[in-house]
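When you get a sec, could you build the whole thing from the sequences and use the hints?
Just so you know, the protein sequences line up as chains S and E, in that order. Letter by letter, the first sequence follows residues 1054 to 1165 of this note's numbering. Letter by letter, the second sequence follows residues 4 to 117 of this note's numbering.
These aren't lab readings, by the way, just hints derived from the structure by calculation. Be a bit skeptical, because a hint or two may be false.
In silico DSS-like links for lysine-lysine, alpha-carbon gap of 30 Å or less [unchecked claim]:
1. K1121/S x K1091/S
2. K18/E x K1107/S
3. K1157/S x K1091/S
4. K1091/S x K1109/S
5. K14/E x K1109/S
6. K1124/S x K1109/S
7. K1109/S x K1121/S
8. K1107/S x K1124/S
9. K1121/S x K1058/S
10. K1157/S x K1109/S
11. K20/E x K1109/S
12. K1107/S x K1091/S
13. K1124/S x K1058/S
14. K1157/S x K1124/S
15. K1121/S x K1157/S
16. K1121/S x K1107/S
17. K1109/S x K1058/S
18. K1121/S x K60/E
19. K1124/S x K18/E
20. K1157/S x K18/E
21. K1058/S x K60/E
22. K1124/S x K1091/S
23. K1107/S x K14/E
24. K1091/S x K14/E
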Amino acid sequence: DQQVKQNSPSLSVQEGRISILNCDYTNSMFDYFLWYKKYPAEGPTFLISISSIKDKNEDGRFTVFLNKSAKHLSLHIVPSQPGDSAVYFCAAVNQAGTALIFGKGTTLSVSS
Amino acid sequence: GAGVSQSPSNKVTEKGKDVELRCDPISGHTALYWYRQSLGQGLEFLIYFQGNSAPDKSGLPSDRFSAERTGGSVSTLTIQRTQQEDSAVYLCASSPTRSWDTQYFGPGTRLTVL
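Okay, structure coming up:
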């Protein structure tokens, strides 16, 4: 039973447009969420995080939105660049704060 | 300075054999994490260490998996009696303190169980 779900396996966007990657979770007790980016044959890199006390966190071209009532978060990338093409993982910290629970990832392709 | 290193980079083994995967964290990082990514699957968190202790081992997939960390530095992940479903890329990360935001990942060890 997946506690963190990324229902879109892939997303294609044109350069300069907005990319929106979605993530849903089932446990309302989760209170910290992260997004990671992963290129092939490399380890993931941390992108941005959000605590449940906020509904938005912004870092440059990346913004994460959290809707606690819907148990949904999204990552917006504006403007999208070809170098953003990668697999994006959403993750939640478990209640005990001892583990990360990941979604299965969304592959973003940005075409020039 | 040097990043997180993992060895071997690739390991092919026969079903039933034991394997040891090694992770050298960034010097001075007190927290160390193990993950794996199976083919077609997302990232799966396995275990983390704060210093030499692992407060939660429930992420390890079975009792064939064990991990240790000695001297607050190098960690080994051991898989006993490997099965084909253990085939995956095993990733290690470290962070200066226990922080999910500041993890630096190694390149991973690709394990193939024949």
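Hints and how they fare:
no.: 1; hint: K1121/S x K1091/S; in the structure: 26 Å, holds
no.: 2; hint: K18/E x K1107/S; in the structure: 48 Å, violated
no.: 3; hint: K1157/S x K1091/S; in the structure: 12 Å, holds
no.: 4; hint: K1091/S x K1109/S; in the structure: 23 Å, holds
no.: 5; hint: K14/E x K1109/S; in the structure: 42 Å, violated
no.: 6; hint: K1124/S x K1109/S; in the structure: 14 Å, holds
no.: 7; hint: K1109/S x K1121/S; in the structure: 11 Å, holds
no.: 8; hint: K1107/S x K1124/S; in the structure: 13 Å, holds
no.: 9; hint: K1121/S x K1058/S; in the structure: 15 Å, holds
no.: 10; hint: K1157/S x K1109/S; in the structure: 23 Å, holds
no.: 11; hint: K20/E x K1109/S; in the structure: 48 Å, violated
no.: 12; hint: K1107/S x K1091/S; in the structure: 25 Å, holds
no.: 13; hint: K1124/S x K1058/S; in the structure: 11 Å, holds
no.: 14; hint: K1157/S x K1124/S; in the structure: 17 Å, holds
no.: 15; hint: K1121/S x K1157/S; in the structure: 21 Å, holds
no.: 16; hint: K1121/S x K1107/S; in the structure: 9 Å, holds
no.: 17; hint: K1109/S x K1058/S; in the structure: 20 Å, holds
no.: 18; hint: K1121/S x K60/E; in the structure: 29 Å, holds
no.: 19; hint: K1124/S x K18/E; in the structure: 41 Å, violated
no.: 20; hint: K1157/S x K18/E; in the structure: 27 Å, holds
no.: 21; hint: K1058/S x K60/E; in the structure: 23 Å, holds
no.: 22; hint: K1124/S x K1091/S; in the structure: 24 Å, holds
no.: 23; hint: K1107/S x K14/E; in the structure: 43 Å, violated
no.: 24; hint: K1091/S x K14/E; in the structure: 22 Å, holds
Checked against the numbered hints given earlier, the structure breaks hints 2, 5, 11, 19, 23 and satisfies all the rest.
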